[in-house]
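From first to last, the protein sequence lines stand for chains S and L.
Each residue of the first sequence is one higher than the one before, starting from 26 at the first, in this note's numbering.
Each residue of the second sequence is one higher than the one before, starting from 2 at the first, in this note's numbering.
By construction, these hints were calculated from the structure, which means they are not laboratory data.
Please read these numbers as outputs of a predicted model, since none were measured by experiment.
All C-beta atoms in this analysis are idealised placements derived from N, C-alpha and C, irrespective of residue type, glycine included.
Among the hints, erroneous ones may be present.
With a straight-line Cα cutoff of 30 Å, these simulated DSSO-like cross-link-like pairs (lysine-lysine) come out [unchecked claim]:
id: 1; chain 1: S; residue 1: Lys-98; chain 2: S; residue 2: Lys-122
id: 2; chain 1: S; residue 1: Lys-428; chain 2: S; residue 2: Lys-376
id: 3; chain 1: S; residue 1: Lys-353; chain 2: L; residue 2: Lys-73
id: 4; chain 1: S; residue 1: Lys-376; chain 2: L; residue 2: Lys-8
id: 5; chain 1: S; residue 1: Lys-418; chain 2: L; residue 2: Lys-84
id: 6; chain 1: L; residue 1: Lys-21; chain 2: S; residue 2: Lys-312
id: 7; chain 1: L; residue 1: Lys-20; chain 2: S; residue 2: Lys-423
id: 8; chain 1: L; residue 1: Lys-61; chain 2: S; residue 2: Lys-104
id: 9; chain 1: S; residue 1: Lys-104; chain 2: L; residue 2: Lys-76
id: 10; chain 1: L; residue 1: Lys-20; chain 2: S; residue 2: Lys-353
id: 11; chain 1: S; residue 1: Lys-302; chain 2: S; residue 2: Lys-394
id: 12; chain 1: L; residue 1: Lys-37; chain 2: S; residue 2: Lys-376
id: 13; chain 1: L; residue 1: Lys-84; chain 2: S; residue 2: Lys-98
id: 14; chain 1: S; residue 1: Lys-123; chain 2: S; residue 2: Lys-39
id: 15; chain 1: S; residue 1: Lys-123; chain 2: S; residue 2: Lys-260
id: 16; chain 1: S; residue 1: Lys-312; chain 2: L; residue 2: Lys-84
id: 17; chain 1: L; residue 1: Lys-84; chain 2: S; residue 2: Lys-104
id: 18; chain 1: S; residue 1: Lys-423; chain 2: L; residue 2: Lys-27
id: 19; chain 1: L; residue 1: Lys-5; chain 2: S; residue 2: Lys-423
id: 20; chain 1: S; residue 1: Lys-98; chain 2: S; residue 2: Lys-312
id: 21; chain 1: L; residue 1: Lys-73; chain 2: L; residue 2: Lys-61
id: 22; chain 1: S; residue 1: Lys-428; chain 2: L; residue 2: Lys-21
id: 23; chain 1: S; residue 1: Lys-122; chain 2: S; residue 2: Lys-80
id: 24; chain 1: S; residue 1: Lys-39; chain 2: S; residue 2: Lys-260
id: 25; chain 1: S; residue 1: Lys-423; chain 2: L; residue 2: Lys-37
id: 26; chain 1: L; residue 1: Lys-8; chain 2: L; residue 2: Lys-37
id: 27; chain 1: S; residue 1: Lys-123; chain 2: S; residue 2: Lys-77
id: 28; chain 1: S; residue 1: Lys-48; chain 2: S; residue 2: Lys-80
id: 29; chain 1: L; residue 1: Lys-73; chain 2: S; residue 2: Lys-104
Pulled from the structure, derived: some chain L residues nowhere near chain S, Cβ distances all over 10 Å [stated by the list, open to error]:
id: 30; residue: Lys-20
id: 31; residue: Asp-60
id: 32; residue: Pro-62
id: 33; residue: Ser-79
id: 34; residue: Gly-80
id: 35; residue: Arg-81
Chain residues, written in single-letter form:
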Amino acid sequence: MEIVNLFGWEIKEKIERGEISEKEVFDAFYERASSSSLNTFITLAEGREEKKEGKLRGIPFGIKDNILVRGMKNTCGSKILHDFIAPYDATCIERLKKEGGVILGKTNMDEFAMGSSNEYSAFGPVKNPFDPERVPGGSSGGSAAAVANLEVPIALGSDTGGSVRQPAAFCGVFGLKPTYGRISRYGLVAFASSLDQIGIIARTVKDIALTLEVIAGYDPMDSTSSPEGVPPYSKIIEEPCGYKTLGVPEELISGCDEEILNAFQRTLEILQRLGHKIVRITLPHAKYYLPTYEIIAMAEASSNLARYDGVRYGLRVEGESAEEIIEKTRMRGFGPEVKRRIMVGTYVLSKGYREEYYGKAQRVRTIIKEELEEALREVDFIITPTAPFLPFKLGERKEDPIKMYLSDVFTVFANLAGLPAISIPGGRINGLPWGFQVTGRAWDEENLLTFAYHLEREGGWSLRQ
Amino acid sequence: MIEKLEKLASLRLGEEERKKLLEDVKEILHWVEILKEVDTEGVLPTTHPFLSSLPLREDKPGVSLPDEEIFKNTKGRSGRFFKIRRPGWR
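So here's chain L without its partners, still in its complex pose (with noise of 0.2 Å):
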């Protein structure tokens, strides 16, 4: 399982990290168990406390960051592209 759950949140562990972190992972899965008691026959999710649907605002251009504001974060740039290595598709 766990390592299945690496791939899919793109977060290598050590081995001894994965050791600890599957047993908490199970315990806390475990205690959330209890929730299949309460009975949700034809009740609705809620996603947002109170909005059914996402307010939408006018299709306007705003006023963006400088791209030197952007990039003064990145370790890697290439003109006006942030810069990584190729994938590898492992």
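This is chain S alone, in the form it adopts within the complex (with noise of 0.2 Å):
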């Protein structure tokens, strides 16, 4: 098996039994990433650092351009970043380095991770690895194709409202995030503080359970990290699973494609003949979801971008004054949809607006969340697809916001509640991967991810190439 086929897992256990070397590792991935056609990567590591042992030893990580590695330009996929570069190491990087972990790159991304196709990056859309005039989804697009078109074995992104688990299911790969708070966001370029969290995208169940537990935990770095303890999630999900019990509810799916639609009762087909159990399950607020989640997620986004001012780092723009130049360097410096969004942020947290809009979500949030917790008391998981349609050609969504937005009509409900989901990889639909979401309870990425594997293992969803 040539190296860039194995998972993460396997190549740390070959460098261990010296069947490969680091450098043998190393270089495969980076001669595989750097002829990539697919535009994943906005930088590559120049070298390698010193070999290191521990649980993650030798295995090459593509890190979404939005989290911090030291002395690396960290671009958040736009221009008034273009040639920042990160003076610290974010916690989840110090993290995987520590164990071994080896940066290959940094990964493209929609700019300040506002979208679901990657094509709002200012450095050019990524290409989706089945079909490249179709997008790979968004925001960690370039995590998602890189790890798909085996150019790194683990990809980290973030995901706000779904930019870990779009992309991972439209590249036909695993994505998880985990519950907010699982994993530190130092050195994390803030987009929503409520909703983000880093995520985890890889070939195998295995891979995400064995980096997860080297970067979740507490960090006096993020106060709103969790201090809950972090098992050994890699041996975990050896143990048998049992039986589960599945909740689909039905409000939410029924506006998806037909052809997803049915790949999915296909896939619940599948889960019962496993011995599981499916119900249907009532949300009844489901349609409210998305429009809560798009005004606090541009509302948050419009306060954490005002420090992108030309005046400390990034972009200037020369003018007669301060506020000359602030203006003008937030003008060039950021795409259309980051302004949209600031204006309908800005807008919404407005004098004489607040109340109306961003109060008015963020207690609807309180309905939201409360209403799957209920959901979650009486099943072990919800389960839908990932989203409502296939990869879609380059372009067809682009200059339709709304219609871009409603990439994450399932996606978004786990950042609303702070829960714990995964992505999984569905099979082809027309040649085209489409993906399935199992959502489980706050904390419980034990359970999540020991049900993944077995599924991975047992159901005919393995990636082993």
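Two chains, each in its own frame: build the complex with the hints.
Given below as structure tokens:
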């Protein structure tokens, strides 16, 4: 088997047994990534760090370009940060490196993680490995496409409303968004702070489990990171899974494309054959999930992105006064989708409208959160397709923001309620990948990953090539 | 409306851009109007998925990045200060 076909955990074991060297591994993936025609990476590492022992020894990682890696460019897919060099490592990167993980490069993304197709990157769109005329999803499109195209075995992304899970589904790989607070956000460039969470993309659940156990856990640099204990996920997932009850929210998935819905039904049948129980659940506020999410995400984004003023770092466009410099820098530095979201976010936070929009959305968020927690008392997991349609063609949705936002219709609820969710590759429809999403209870990645791992092995969803 | 937002967001727009963006902003605001149907009387807002207040940490000085690291990314520097033109207070 070629090196690039190996899973992350296999690479580590082979290195430990002396069957392959760290250099051979790095070179094989570097060669593959640097000759890729998919535009997956914005920056590739200049060299390999010294070899280190550890749980991730020698495994190359792709890192979304909004997670800081000391000494490497961190553009966030934006012109405004085109030359920004990260002065420190994000906590998750520090932990990866400490366990022997190797950074191969920084992956392409929608500007400031705002988008579902990667077309909003200032560095050009990423292409889908299954059809280069189609999008890889977003915003972690570079991470998902790189993993699917064997340019890297594991990649990190960020997920504010589905940005890890939706591209994972579009590229036919696994993508986990852990519980909010599970992984420190220190060193992740903020988009919407009450929704953002770092996620993991890989071709096997075992690699996700292994990575999670290394990077999760409390970090004094992020006061919202949780002191909950981090179990040894990569061992736990090997244990028996038992039979689970999965809830299908019919109101939510009713608007889905027919081909996805048919494939989803077949998936439910397979799950039943494996002994799991499928029940219908009611989520009465399902139609409000997406608008609630958009208001909160845009409001928080408009506030977080106020820091890009050309003064301390990033692009600076000169002018006659401080105000002119700031306004011009932001005008030239931000792309259309970022401007759109800043404007809506500014509006919903402005005097006279704050309570009507932002306050209202925060209250509806409470109702949504309670509704989901209630549902998860009755069932072990909520199951839906990850996205309502197949990977679409480049340009198809780019000019219509609401059509683009609909990509996240099944993913945003996990962020609103802070729940962990994983996208599992469901196979192909007309040659294109699709995925289904399993959402679990807060802090219960243990059961979620165990379930996903058993499906990968027993349900015919393995990506072993 | 859009000029006021431009000022609030410190983000100037070009003529063409302004027209398209105004349409989009209106469309998005119209699309989220649906939330008005939800009865939220007596419901408290959620600002964070799990915490009701932000935990504080001990008030102890830590190690900060050295100045040289901090200033590496700036376009204007004067000693230990960032340098920019004076405000015009338009």
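Outcome of the hint check:
no., hint, verdict
1, S/Lys-98 - S/Lys-122, "holds (17 Å)"
2, S/Lys-428 - S/Lys-376, "holds (29 Å)"
3, S/Lys-353 - L/Lys-73, "holds (22 Å)"
4, S/Lys-376 - L/Lys-8, "holds (14 Å)"
5, S/Lys-418 - L/Lys-84, "violated (45 Å)"
6, L/Lys-21 - S/Lys-312, "holds (27 Å)"
7, L/Lys-20 - S/Lys-423, "holds (17 Å)"
8, L/Lys-61 - S/Lys-104, "violated (37 Å)"
9, S/Lys-104 - L/Lys-76, "holds (15 Å)"
10, L/Lys-20 - S/Lys-353, "holds (18 Å)"
11, S/Lys-302 - S/Lys-394, "holds (24 Å)"
12, L/Lys-37 - S/Lys-376, "holds (18 Å)"
13, L/Lys-84 - S/Lys-98, "holds (23 Å)"
14, S/Lys-123 - S/Lys-39, "holds (19 Å)"
15, S/Lys-123 - S/Lys-260, "holds (20 Å)"
16, S/Lys-312 - L/Lys-84, "violated (49 Å)"
17, L/Lys-84 - S/Lys-104, "holds (21 Å)"
18, S/Lys-423 - L/Lys-27, "holds (18 Å)"
19, L/Lys-5 - S/Lys-423, "holds (27 Å)"
20, S/Lys-98 - S/Lys-312, "violated (40 Å)"
21, L/Lys-73 - L/Lys-61, "holds (27 Å)"
22, S/Lys-428 - L/Lys-21, "holds (16 Å)"
23, S/Lys-122 - S/Lys-80, "holds (10 Å)"
24, S/Lys-39 - S/Lys-260, "holds (18 Å)"
25, S/Lys-423 - L/Lys-37, "holds (28 Å)"
26, L/Lys-8 - L/Lys-37, "holds (28 Å)"
27, S/Lys-123 - S/Lys-77, "holds (8 Å)"
28, S/Lys-48 - S/Lys-80, "holds (17 Å)"
29, L/Lys-73 - S/Lys-104, "holds (18 Å)"
30, Lys-20, "holds (12 Å)"
31, Asp-60, "holds (13 Å)"
32, Pro-62, "holds (13 Å)"
33, Ser-79, "holds (12 Å)"
34, Gly-80, "holds (15 Å)"
35, Arg-81, "holds (13 Å)"
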